[in-house]
Structures are given as structure tokens and as C-alpha cells.
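A.B. asks: Respectively, the protein sequence lines represent chains A and B.
The opening residue of the first sequence carries number 725 in my numbering; numbering runs sequentially from there.
The opening residue of the second sequence carries number 725 in my numbering; numbering runs sequentially from there.
Calculated from the structure, these hints are not laboratory results.
Some clues are possibly wrong.
No distinction is drawn between identical chains; accordingly, a pair holds when it is met within one copy or between any pair of copies.
In silico DSS-like cross-links for lysine-lysine, where the CA-CA straight-line distance does not exceed 25 Å [as the list claims (entries may be wrong)]:
(1) 730 with 764
(2) 764 with 821
(3) 865 with 752
(4) 865 with 764
(5) 730 with 833
(6) 764 with 866
(7) 730 with 866
(8) 730 with 780
(9) 821 with 865
(10) 758 with 872
(11) 758 with 865
(12) 780 with 865
(13) 730 with 865
(14) 780 with 866
(15) 730 with 821
Number of protein chains: 2
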Amino acid sequence: MQFSLKPIGHVAADASHEELRHRTAVSKIVIDHKYARGLKDLEGFSHLYVLFLLHKAPKGKGNLMVHPRGRADLEMRGVFATRSPHRPNPIALTLVKLLSRRGRVLTVKGLDAYDGTPVLDLKPYDRHDSTPRPRVPLWWKKLELESKRARRS
Amino acid sequence: MQFSLKPIGHVAADASHEELRHRTAVSKIVIDHKYARGLKDLEGFSHLYVLFLLHKAPKGKGNLMVHPRGRADLEMRGVFATRSPHRPNPIALTLVKLLSRRGRVLTVKGLDAYDGTPVLDLKPYDRHDSTPRPRVPLWWKKLELESKRARRS
Chain A
725 MQFSLKPIGH VAADASHEEL RHRTAVSKIV IDHKYARGLK DLEGFSHLYV
775 LFLLHKAPKG KGNLMVHPRG RADLEMRGVF ATRSPHRPNP IALTLVKLLS
825 RRGRVLTVKG LDAYDGTPVL DLKPYDRHDS TPRPRVPLWW KKLELESKRA
875 RRS
Chain B
725 MQFSLKPIGH VAADASHEEL RHRTAVSKIV IDHKYARGLK DLEGFSHLYV
775 LFLLHKAPKG KGNLMVHPRG RADLEMRGVF ATRSPHRPNP IALTLVKLLS
825 RRGRVLTVKG LDAYDGTPVL DLKPYDRHDS TPRPRVPLWW KKLELESKRA
875 RRS
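Extracted from the complex, chain A is given alone in its bound form (with noise of 0.2 Å):
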């Protein structure tokens, strides 16, 4: 059982490598003028989720233990205890800010994938997306102190 994806568009995105990872960079979703008329009635949502492929990550290489952040000095996790990119089905999934459409482009904040990446999906952000306080294990915390600390330097 095998199904097929098409991109409905790209990231144009001129942001350094670190403004990517730490979710400041603006950038921009261009939409194929095939797919242009989906986005209709899109501006009246704050945030969004972008679906994009990780087209970059090796072929094959779909991992089931990585190394958080593919840091070889930290233990290894199940693959789907992360976000790692090299997953069996290489599809990342970002909430976004939605800042502007103009016609099929989209101004984006927060989005941490590169420039040229191919776009899958776009879905509107509402109150079931959002969970206040949700758990996350110890090692998780750890990492996201040392990436604050390291935005902060």
C-alpha cells in the first residue's frame, strides 16, 4: 500500500540557518497558480500548520532511534518521540503565524524550513489545536533550556 504525494507549493526564505531553528524567521509560502484558489478565505486565521517535506533528509534513512537534534552526545530516542527529519514518512509539520496574503503568497513567521522546500499542506489553527500545559519528559526540557540559552548568547 503506497500513496503519493504532489507539492502544492514552496518556501521562499532568506532567513539564516539559527533564525530558522529558533522559529524568528519570517518567510514566505508560494502557492503553484494550480492550487492559488485553495487559499481562499486563509486570512482569516491568526496561525496556520504548515505540512512541508523534509526533502533534504537522505533517502532511506528512515531511522526509528536518533539522536535528539542529531546531537551524537545525547542518548538516542525513538524516532517518534522527536522531530527529527529523519522519520519513515518525511513530513515536518509547523504552527505558524500567519502575517499576510497577497494573492498566492504568504508572509510566515516561525517556519524552520529552508528555502526551495516543497509544501504539502496548509490547515487552519484553531482552539483544538491548542492544549495549555502539555507534558513533556525530562530530557526534552533539558534540551529546550540549552536552545534558549544558546538564542540568548
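Based on the hints, put chain B in the right spot on chain A.
C.D. replies: For chain B alone, coordinates are given in the frame of chain A:
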């Protein structure tokens, strides 16, 4: 440019259509033996994203304008401003509460997927996925209110 997807497991649910729709159902996700190792450490998270295939959405019906919730009495909207199953790439995304994991079987609450649905990915949910007061358009609020009333009656 085409990419293919492989299911990593499936949904086992005996809830009613209404329970699934209202996100009150408790369901199981059974991960294939082949991918089971990737579940390690997942139980540290209270909430997960489940990406699943909308395998019952008619093929080739990648509509760009849809009636919200399939209701022909409502104005058509751009598909990317809805969570309609009839989208160019038939991938759904739902936030669920992880109640437990026993080996390769997860018990989750809030999954709006039918019994037998192929699962594509699981991702841990953290604070980056949460935004307190997302703005949604008026037509969306009205739909929400109606469905809340339907739940009560």
C-alpha cells in the same frame, strides 16, 4: 516530483461517528512490528500529533473549494482554510491525548479517525505547538457554536 508514503500502523476504533467527530472517543493506534522500536520514549509526552491518511476521500477529488464540514447549505471556502478531507494531499492531522502505551499499541483520546485508518506519523507535542488565543474567522466560530449545541442536545 512525486513522493510516496508508507503507513506505519493503523487505527483501531469502535466509537460512533458522533464520538469521533466530537473528539471524545478513546481509540487505539496499533503500530506495525517493523516500526515499533520508534515508539520508545513516547510515553513521556502527554499529547501527540497523529498524521493519518484520508484513505476514504475519493481519489482525484482534490477540490480547491469545499463546503465546510460537507454542508451544502454553507458557502464554499478555500480548502486550505478548512480541515476538509478532500484536499490535494489527503493527510489529516489531529492532536490527541496519550493515555497509555503498551508495547506497540497506544491508547489515545480525541482521534477523529475511523477504524482501519492508515497512520503515517506520530510527533510529540510541545509548547511551540500551542498558542493561547488563535484568531479564527466568524464563519468558523459559527460552525463551532453549532457543533457545541449539537453535542449538548
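A.B. asks: With 25 Å as the alpha-carbon cut-off, assign the pair residue 730 and residue 780 to within, between, both or neither.
C.D. replies: For residue 730 and residue 780, both the intra-copy (16 Å) and inter-copy (18 Å) Cα distances are at most 25 Å.
A.B. asks: Using 25 Å as the alpha carbon limit, work out where residue 730 and residue 865 are close: within a copy, between copies, both or neither.
C.D. replies: neither (35 Å within a copy, 31 Å between copies)
A.B. asks: What label fits residue 758 with residue 865 when the C-alpha limit is 25 Å: within, between, both, or neither?
C.D. replies: neither (42 Å within a copy, 29 Å between copies)
A.B. asks: At 25 Å max between alpha carbons, let me know whether residue 758 reaches residue 872 within a copy, between copies, both or neither.
C.D. replies: Close neither inside one copy (40 Å) nor across copies (36 Å); limit 25 Å.
A.B. asks: I want to check one pair: residue 821 and residue 865. Are their C-alpha atoms no more than 25 Å apart within a copy, between two copies, both, or neither?
C.D. replies: both (24 Å within a copy, 19 Å between copies)
A.B. asks: Between copies, within a copy, both or neither: which fits residue 865 and residue 764 at Cα up to 25 Å?
C.D. replies: between (39 Å within a copy, 17 Å between copies)
A.B. asks: Quick one: residue 730 to residue 833, C-alpha cut-off 25 Å, is that within a copy, between copies, both, or neither?
C.D. replies: within (24 Å within a copy, 31 Å between copies)
A.B. asks: As a check of your reading, is residue 764 near residue 821 (CA-CA no more than 25 Å) within one copy, between copies, both or neither?
C.D. replies: within (17 Å within a copy, 32 Å between copies)
A.B. asks: Tell me, please, which holds for residue 730 and residue 764 at an alpha-carbon limit of 25 Å: within, between, both or neither?
C.D. replies: This pair counts as within: shortest intra-copy Cα distance 20 Å, inter-copy 31 Å.
A.B. asks: One pair to classify: residue 730 and residue 821, alpha carbons no more than 25 Å apart. Within, between, both, or neither?
C.D. replies: The answer is within: 24 Å in one copy meets 25 Å, while 30 Å across copies does not.
A.B. asks: Check residue 865 against residue 752 for me: Cα-Cα at most 25 Å, and say if that holds within a copy, between copies, both or neither.
C.D. replies: neither (30 Å within a copy, 27 Å between copies)
A.B. asks: Under a CA distance limit of 25 Å, which applies to residue 780 and residue 865: within one copy, between copies, both, or neither?
C.D. replies: Neither: 27 Å inside a copy, 39 Å across copies.
Against the hints set out earlier in the document, violations occur for numbers 3, 7, 10, 11, 12, 13, 14.
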